[in-house]
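Enquirer: One-letter residues, chain by chain:
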Amino acid sequence: MYNTNYHRASSVEDAVSKMGSSDDAKFVSGGQTLIPTMKQRLAAPSDLIDLRHVDSMKGITVDGNQITIGAGVTHAEVHSSKELGAACPSIAALAGHIGDPHVRNMGTIGGSIANNDPAADYPAAMIALNATIITNKREIAADGFFTGMFETALGEDEIITAVSFITPVKAAYSKFPNPASRYAMAGVFVAQTGEGVRVGVTGAGADGVHRHTEMEAALTANWTPEAIANCNVDANELLSDLHGDNNYRANLVKVMAKRAVEMAG
Amino acid sequence: MTSISMVVNGRSVGGEVEDRTLLVEFIRENLRLTGTHVGCDTSQCGACVVHVDGKAVKACTTLAAQANGCEVTTIEGIAGDELHPMQQAFKDNHGLQCGFCTPGMIMAATDMVNRLGKDLDEKTIRAELEGNICRCTGYHNIVKSIQDGASKM
Ligand SMILES: Cc1cc2nc3c(=O)[nH]c(=O)nc-3n(C[C@H](O)[C@H](O)[C@H](O)COP(=O)(O)OP(=O)(O)OC[C@H]3O[C@@H](n4cnc5c(N)ncnc54)[C@H](O)[C@@H]3O)c2cc1C
Ligand code: FES
Ligand code: FES
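Protein chains in written order, with our numbering: chain X, 1 to 265; chain U, 1001 to 1153.
Warning: the hint list may mix true and false statements.
What the hints assert, rightly or not - Stretch by stretch, here's where chain U covers chain X in the computed footprint (C-beta under 8 Å, at least three residues):
#1 2 to 8
#2 33 to 39
#3 44 to 53
#4 103 to 112
What the hints contain is simulated information worked out from the structure, not anything from laboratory work.
For every residue, glycine included, the Cβ atom is placed at its ideal position computed from N, Cα and C.
Excised from the complex, chain U in its bound form:
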């Protein structure tokens, strides 16, 4: 067992976990923040994307112990009183159907804006979505949502 502490969505949290605990397990099962999803568990789908020290990572491919001492942001942590512009854009542009991939899409999208700026063209967005899989939408409206949300961030 290892004792870990980190700041998740601005709140200091901690706990005793088995060393093999994945970050996504810690977030979902210990912290009960179930917005971060597990789609594949084989590092392909991106449903589990969270930000660790400001960078998007796959929480199913990171140990909780690796994130010890870090700042973590999950989908629950991005809205203020109103939805985050990227969340609003997914709502406005019909960027989701079942919604399973959406938290990871939105965390990937805000990371994209952090790295590449607000002015994103379609080709860039599609290439940048390499690590996020959606089984419903066919990506069209996800791309539109990200372009819209980015411009409003």
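Chain X on its own, in the form it takes in the complex:
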């Protein structure tokens, strides 16, 4: 790892001002993506601004049907939250299958979403739940937030402070994990929301996380695993890599979608 300068932010404002006064800084939350990347020298920020001690970015609130999760909430906290377990068990279950227990103790929802790894789990949930990504500057609908592999609508000094969504009527996430890393080879989050059925696909898309509108239409007409069977998953739009080619992934997307609908009940 190249050298860097570590700073601990006490508030969102403090983090922004520390970002403004440094050269080429990066925010760090759990560090479970950024630190491995720095160790490989694929990132070399001049400064690291630690967001883990910003109290306003912590905590989960369930207010009627409105769920808000602070960006600094760890995967372990989402997984074990009793409120989420009751209001939105699908997201609690998703968090419990990210990486391993040690990664879940440090990694945060904000960090995962900001990173937008094409094989990460949360992005699929965010688009399927029609979530709003709340930053220190604005609120962004998930559909417009994830703009491509490792790309988001975030500006340089923009911090995700929370995510928020309406409790879905039904939802579930099913992923086929890469046996070594546990990242998704294909993961599908299905949800019946106030604005209709939404299907988020991760792990498979050549441009990262995306919706599958044909499955959405099929599930709107008939919410059963069988409804997926006739849907077309275009392999040309999917990833091929050493873990699996695009045709294999196209099949996995359908299988994961069927399982998710079955789990959602």
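Mind docking chain U with the ligands on chain X? Use the hints.
Expert: What follows is chain U with the ligands alone, placed relative to chain X:
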């Protein structure tokens, strides 16, 4: 350079470190507590697991500066006059061969008990060991050790 201080195994320690220093480097090289191992250095194997403020983390994927002000427990800190029940259980159940993964396994196991209680079934233990790799044992006796050790904690 950053000046850091933390409580490691109940003892206040500190030092001047480069900001890029990993927690595992600080523990092994500054504090000379070499029970915490580095197996992969790529966040996969769990040989480096320690507890920070009571939670298991990979010390190779945490900066020493991130742990500034925290309480850290390493494998050296869990035994009293006698071995910790989890250490004893690994001994009794032949839960190790070369022993390289063992400190991380034991720190992961005690974290498991802290979160999930003493009554752990085989399926849970195997799923919870996702972040710990052993090249020797084939995991069978590790699972047995954890089940035994958990029941005695
Ligand atoms: C062994 C291993 C297995 C894993 N398996 C999975 C898996 O199965 N599924 C999965 O989804 N992920 C997996 N991950 C990744 C893990 O979930 C990370 O925790 C997550 O991707 C990043 O969150 P973080 O808090 O650690 O972010 P960091 O590493 O601290 O930051 C990541 C990026 O986001 C930026 N950032 C962080 N917080 C904010 C914020 N609040 N606002 C704006 N920008 C921010 C940082 O500047 C950085 O660019 C795994 C990681 C490891 C090491
Ligand atoms: S050395 Fe930390 S996970 Fe392998
Ligand atoms: S006992 Fe040798 S690696 Fe586990």
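Enquirer: If a hint holds in the structure, say so; if it doesn't, say that too.
Expert: Hints and how they fare:
no.: 1; hint: 2 to 8; result: holds (count 6)
no.: 2; hint: 33 to 39; result: holds (count 4)
no.: 3; hint: 44 to 53; result: holds (count 3)
no.: 4; hint: 103 to 112; result: holds (count 3)
No hint from the list above goes unmet by this structure.
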